[in-house]
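Trainee: Each chain, letter by letter, is given below.
Protein chains: 2
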Amino acid sequence: SNQYANLYQGVKDSKINLNQPLDTFLRRHMGPSPSDTDKMLSTMGFKDLTEFVKSVIPPQILELNPLNLQAPQDGFTEQEMLKHMTQIANKNNYKVKNLIGKGYYGTILPPIIQRNVLESPEWYTSYTPYQPEISQGRLESLLNFQTVISELTGLPIANSSLLDEGTAAGEALLLSFNAHRRKKNKYIIDKRLHEQTKDVLKTRCNPFNIELIEMDCYNLEELTPILENDPQVFGCMVQYPSTDGSIIANETLTRISDLLHAKKNTFTMVADIMALTLLKPPSEFDADIALGSTQRFGVPMGMGGPHAAYFAVTDKLSRKIPGRIVGISKDRLNKPALRLALQTREQHIKRDKATSNICTAQALLANIAANYVVYHGPQGIKNIAKRIYGLTTVLAETIKKGGIHKLTNDSWFDTLTIELNEKYTSEDFLKLAFEKYNVNIFANDSKSVTLSIDETVTTEDIEILTKLFNEGETLEIDFNQIPELPQEVQRTDEFLQQEVFNAHHSETAMLRYLHRLQSRDLSLANSMIPLGSCTMKLNSTVEMMPISWPQFANLHPFQPSEQISGFLELADSLEKDLASITGFDSISLQPNSGAQGEYTGLSVIKKYLDDAGQSHRNICLIPVSAHGTNPASAAMCGLKVVPVACLPNGSLDLVDLNAKAEKHNDSLAAIMITYPSTYGLYEPGVKEAIETVHSHGGQVYLDGANMNAQLGLTSPGFLGADVCHLNLHKTFAIPHGGGGPGVGAIGVRKHLTPFLPTNSIAPPPTATTKSISAVSSATYGNALVLPISYSFIKMLGNKGLPFASIMAMLNANYMRSRLEKYYKILFVNKENGIDHCAHEFIIDLREYKEKHVEAIDIAKRLQDYGFHAPTLAFPVPGTLMVEPTESENLEELDRFVDAMISIKGEIDAFIGGEGKGNVLKNAPHSLEDIVSSTDWETRGYSRELAAYPLPYLKYNKFWPMVTRLDDTYGDMHLICSCPTVEEVSEE
Amino acid sequence: SNQYANLYQGVKDSKINLNQPLDTFLRRHMGPSPSDTDKMLSTMGFKDLTEFVKSVIPPQILELNPLNLQAPQDGFTEQEMLKHMTQIANKNNYKVKNLIGKGYYGTILPPIIQRNVLESPEWYTSYTPYQPEISQGRLESLLNFQTVISELTGLPIANSSLLDEGTAAGEALLLSFNAHRRKKNKYIIDKRLHEQTKDVLKTRCNPFNIELIEMDCYNLEELTPILENDPQVFGCMVQYPSTDGSIIANETLTRISDLLHAKKNTFTMVADIMALTLLKPPSEFDADIALGSTQRFGVPMGMGGPHAAYFAVTDKLSRKIPGRIVGISKDRLNKPALRLALQTREQHIKRDKATSNICTAQALLANIAANYVVYHGPQGIKNIAKRIYGLTTVLAETIKKGGIHKLTNDSWFDTLTIELNEKYTSEDFLKLAFEKYNVNIFANDSKSVTLSIDETVTTEDIEILTKLFNEGETLEIDFNQIPELPQEVQRTDEFLQQEVFNAHHSETAMLRYLHRLQSRDLSLANSMIPLGSCTMKLNSTVEMMPISWPQFANLHPFQPSEQISGFLELADSLEKDLASITGFDSISLQPNSGAQGEYTGLSVIKKYLDDAGQSHRNICLIPVSAHGTNPASAAMCGLKVVPVACLPNGSLDLVDLNAKAEKHNDSLAAIMITYPSTYGLYEPGVKEAIETVHSHGGQVYLDGANMNAQLGLTSPGFLGADVCHLNLHKTFAIPHGGGGPGVGAIGVRKHLTPFLPTNSIAPPPTATTKSISAVSSATYGNALVLPISYSFIKMLGNKGLPFASIMAMLNANYMRSRLEKYYKILFVNKENGIDHCAHEFIIDLREYKEKHVEAIDIAKRLQDYGFHAPTLAFPVPGTLMVEPTESENLEELDRFVDAMISIKGEIDAFIGGEGKGNVLKNAPHSLEDIVSSTDWETRGYSRELAAYPLPYLKYNKFWPMVTRLDDTYGDMHLICSCPTVEEVSEE
Ligand SMILES: Cc1ncc(COP(=O)(O)O)c(C=O)c1O
Ligand SMILES: Cc1ncc(COP(=O)(O)O)c(C=O)c1O
Ligand SMILES: O=C([O-])O
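Quick mapping for you: the protein sequence lines, in order, are chains A and B. What the first sequence shows, in my numbering, is residues 1 to 987, in sequence order. What the second sequence shows, in my numbering, is residues 1001 to 1987, in sequence order.
Honestly, the hints are just simulated from the structure, not real lab data. Incorrect hints may appear among the rest.
Derived DEER-like restraints, expressed as beta-carbon distance ranges [stated by the list, open to error]:
# : chain 1 : residue 1 : chain 2 : residue 2 : range
1 : A       : 894       : B       : 1873      : 43 to 49 Å
2 : B       : 1921      : A       : 333       : 37 to 43 Å
3 : B       : 1035      : A       : 231       : 55 to 61 Å
Idealized CB from N, CA, C, for every residue including glycine.
Make the full structure from the sequences, and use the hints.
Mentor: Okay, structure coming up:
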């Protein structure tokens, strides 16, 4: 009988029962209705879902033990979920004023941006802008971000976000290391870097035996000889202002820079983005790299993330910069148009030779920060900074005047370090601050505390702080002033004079600007985004709501754990659920992207091997079909990548695997495999492969990007793996945000548990003496988006999760079965012994290449049909990989299939030399092309065919903003910030 | 010197001060930046704002006393506002379970609809869809609403919303009354109507001396003789189910209907929309009219409003139905397209002969209700109703079984009436329910209570209620069942089989449907909507946020006042502020639209005159330039409208006024004037006119639609008026919602205070024995949107409000001064003695009529330029009235002016016989027209000219979905619900 059918109870059925909720999340999350499901099953010749499941999943893979989630058996309803989440949220103390600082500051997210970006599905459900013609909105916004960074740092090239300040520092370290082809191995950091940044650097140094030398970089006497004489030094990093609040002297900076450059070494400044509006920019000191967090530009602290880190470099380093860069190019009509530039640096092309493993970044947060600046304008952000400096200075004066405690920094922007009067320990003092004044500050050690003033601090708060530092006495304070930074440290240039930063300062203007950008971007609000390997499923409203609640948004990652018990409860429960789903013992939520998860997982494996006296093991086997992040991450861990072949039928070549494992028997560290494979297939030999690797002493890393085919049906643990990462932003409903945030949680088997990453300021409950040091700045990484996955799991429950995987596979197989009559589907065919795909499949277009039809032509033409292209050229060049997910309904699947069938006709026309075939080559067609181009008579096809090849398009069409982008032109003429007024007027 | 300049402090200026907030609401609300302002002033030749103000506002009008608001002097910042609002909100008990019923029920607003409709500026900032080509999205949604109503009531014609159930009942009464040309004067109502409905009916009867006869309509023996024999009876109204929960017998309904129809009288059923999914529809009983609230279809109770009332009639009455009807017509290309049908019934055409005075309705709420049905589908809403019935029945059984209290209704859908055991008074029992069980129920009298089960009630709630009714004992309850209504009352037809109600049941599908609709509608998120007399200003996010908070959304209007002290504090403070702004003594917030405000104000005047022994006074003077609602409202109050002429220069003809006042000296009740006049001019003679009317014993009603030119600069009170209404949805920032909600608060001078409307269940603090009975169902009318105006006022403060008016006038005059070089501007010219307009001005296009260019051509052509047309043909046919408001910036003003100048060239081309002039006649041009039309060679102009007449359009263009609508066709072939499946397949 059909064990899955009854999950569709409730409103779709008229037989209801008072004991059961009507409106389950399940039926809202799944695209196919019961009748859609029946239709699809019968189209494919299945009796019911049970039979379908049996045919699709190899029996040796299917795990029969049910999930064991911390949730009601049938999941929460949406209303129960919101109630439950409110209860958890209210256990967090979000009313205390967090002045802890240390990289995380109170900020005001302007409500217009909150509502129209953070809470807008048009912004948060889009993918990384790989298809630029339908992504010009967020590309413009990311270009704005790069412009802000470039102008504030003074450095010409900025990327559009890294994961956080710590990992960005890690990237700077590696960039510096690589500049000398890894021949030098000492890196100097100032002791006044944030602790968590040092931690992440430490982790990054490990695989390469880089010696991290912590020094007092203010002290040139000490520093100069090393910089001048030690041939192993390859770079130096300082923080500006420093973690204690002080500002390193301009002359010192210049001197360090000069000394480094004399030896062709690299100088990196970690700089506070808000302070940079007032302080001289890193370019003034010839810094090669500037980096930092942009959190305080409107992004909630959110318990540590997600926030966009910035990273800017000199022209010289433009080809070495990690992460995504938006650049200006032009389209087929010579119209300026934006796109991701220099993609050839990246892991999906360069693999283990890539500049970094960054794939998912922090696009949504970069967009919030950029729009914060658009809304405030240059004078606005400067005034915010002036006010912060002013209030800090007023407070500093009263502490000095009061004379009870000792202010230890004699320069500052927003942060003061105070040596407490001997009567107090830091512990007492923090307790006093919290209990009596409702303020959290930071303890540096038992006698010294730090606090940071931010945009949200009011004069009343300063009065309260004055009392705190003056044993309850009120000092008279003159607020009718605005103290200014000493002349010599002030920047004097005018920045951000571009129109976009000076035009949208009223709410109405801002609303329209955001709306205009949004209308250019295809998101899940328009149509399906069938990107294989990306799992663009529903990001439901109920899942999203809590992330704007102050109960989560206002938390500081270093807030005492008693104050955040709601969050900790949520994290603990989510970890348990993910452990059940992965079949593993422990979970770390710290990695903030899939690629970071890979890096973390491999680092854990390495530490385990070290601990077991196996530190010589350094070979990582990776199938040639693997995602580019796999080899890139392995390389970051200092592992040597050895590729494993695949068979012509797509499966792992077990003979080759055996041979390689045998060959590297003594040095085999790990294998990285993806399951179902990156081809979307349940490889039958996976267990055998895993056993082979184990038998040669290697650990098995499973890339969980395709977890959406596994939920409750099989698991990495069941298959025998040792570690996996989960892209919570794929399978677990965190929206892709136009290119991030993500969460790359990892799961591990018991023997690896002790090695999970820690955080030296706020260690997680799982921390041990064997823990690897931090991989991200905050203990829980992108903590603020965890409620999304938490809710997703709790609302689907033990039966609903497997049902989601089944529906995802049903959708994929239905599309495949319709499309295979028109296109070659890779690796799925009777002869091959693989009758069905899992949750995605590959359309092979390589046969058309010799006829001059490229896969990209089909990808672009799909835009004219209102669709985002499937994944292009991964895992196989010349193909498209389609992943519909469980959230698409039959109507949408059919609409896509119909579009592809119609395109097949166009391919045939092109090959047959019919004029109408040209429609492929000119695709996509922008509105301007339709309206204004004058060559329509000579194209061989009509405007009607270009724009409305199928009838539904008249009713529902998404228009590309520009025509096909010229990638080469853009890479050759790299422009990656908004043109200045002069540049515009020169045109 | 310039007293207004310093309001622009803060971020736009680099001289800041720690004592002042940086980010004031003022600078975000106003469109013009300081430099915009300077530019505009200098363009017009003014030194500064002070000089400008002096030139624009006649000195005798300018009020020099500053406002005296209950707000910080400089207003709250946005952050302070949210904090303040949270404090107020938390004073409301929103956690208690409100089972009070009586027309207001708990309901679940699906989160996808909350986020994407209620919280989406694209939905809430649009205007009533008078320009159908750029409103097809909400027109489709309103057609869905009408379809839901039509199918659930079984009546063919439904409008797309009235203000609430009470006023809808009032409309039914008057429709019935008019059917016999007002010759009969008795109306029967069942005693089991909701109290508040009876109240509103009472109010409506007053002016016409209609006798409202309350009877037991269940008792045919009593009723039959009256219906058969009393020649004065013109109709009868029953409620279904009744207020006590019982369901009137089918035979009784049929019998009443037959008896009425035998005398050509009208039968009205007030029917619960949720119950109608299970009960036989009104059409089965030959009802002529069905009406009710659609609140429980997803719209929060919100303390009584806003909610959309529905109103449906038989075909016979299709031309008599009040309110807006969406109809299907076709466009220039013969494509089906939607528009407002039968506008000729309405007040803006028919004036005092209109079917009603309805102008602003409840479009946003109708859209929410319609989308609730789209999301749940027919089976979904039926199941919700079944569950409600089931839980009610289970509770009823336990009450009977318990035997302590006595259930008095023997039939029910969701409501039970219980006669309490003699040990209890209702007061005790309500207290017990609240204090011990956290439940609110309703006391009918001292011994009987009522409660209603709703969609949000769970089995746990039923268990709690069982305890309440069984002195704390738990009875065993079997929830494994679903009781069914008795066969004979059940409806058996399949309803809502149209595709739209059966296609969007997954969240993804619903998101896309909402997004698709939204993308067809021009809203303030796209461009300015310069509708004269409509004041389409910023509806800021901070103002909007609190209306989705449960602290306001969950309140029941009959909740005890101790539980809603936050709301009451807000209402009281808002009333005080509005009193200060109007210069009056008291305010009533009850009327839920401007037109309702007029009706209320005039009713108050009438009651005052009655009370003063002047009930014979029945003449209302109304200038010919008045808005159509003025005469329509006067007519509804039984007043005789006497028009007053205007001079060729647009001013009130004081000579004519004098003569009319003289002539009607003994019967003069009132004058209704608009200030600044509907022409947007500060009429210099207003004070004189007011004195004239007073001297003839009349009261002065000031239509406050143009209050946006008065804020803190002058006031109705200062001018000498006695009453005014305020459209809080214009001047006070409540968004227009695509056609409502509105709030038509009225202000009165002290002598009228005792007469302000009350509510018999929950009288406001101002109620007296002289109060007129209710004009709306709920004491505070559209209470849930009051926080918007409250915040608007509190954030601008005493100085910011007048500044807003000044900026509105600056914007209008700047546009006027640029446009007057190209177009004739009505009534503003040196010779006329009126150098400046106030906040709006009229472009006179009548001279082109003889050259065959109509104002509508320009209005439609503006759509091609991406703009919503200004107000067409009001107050002067053949003209456009432009009102930019203070929220538009210089760039947008210029963009509009440039479009109008470009159109002037097109007018000239048309008149000169150039082909390019045809672009006006074919405007607007839809995408489909551009892409698919085959007559482009013969049009005389290019696609480029059609679509991109100015360069900005390539960058930022809003596309009309269809071409020009054919109004006549649609009115002749009235179709006002979605076609059924059969109808579609016939096509
Ligand atoms: C198979 C596979 N592995 C790893 C990743 C990297 O994940 P992330 O983008 O979160 O870094 C991806 C991303 O698309 C992927 O498809
Ligand atoms: C001058 C004038 N009076 C009254 C009204 C009626 O207001 P409402 O639409 O809120 O009923 C309007 C509406 O546009 C108006 O412009
Ligand atoms: O995001 C991917 O590179 O697949």
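Trainee: Does each hint fit the structure? Answer for all of them.
Mentor: Going down the list of hints, with the structure as the test:
1. A:894 to B:1873: 43 to 49 Å: 47 Å, holds
2. B:1921 to A:333: 37 to 43 Å: 30 Å, violated
3. B:1035 to A:231: 55 to 61 Å: 57 Å, holds
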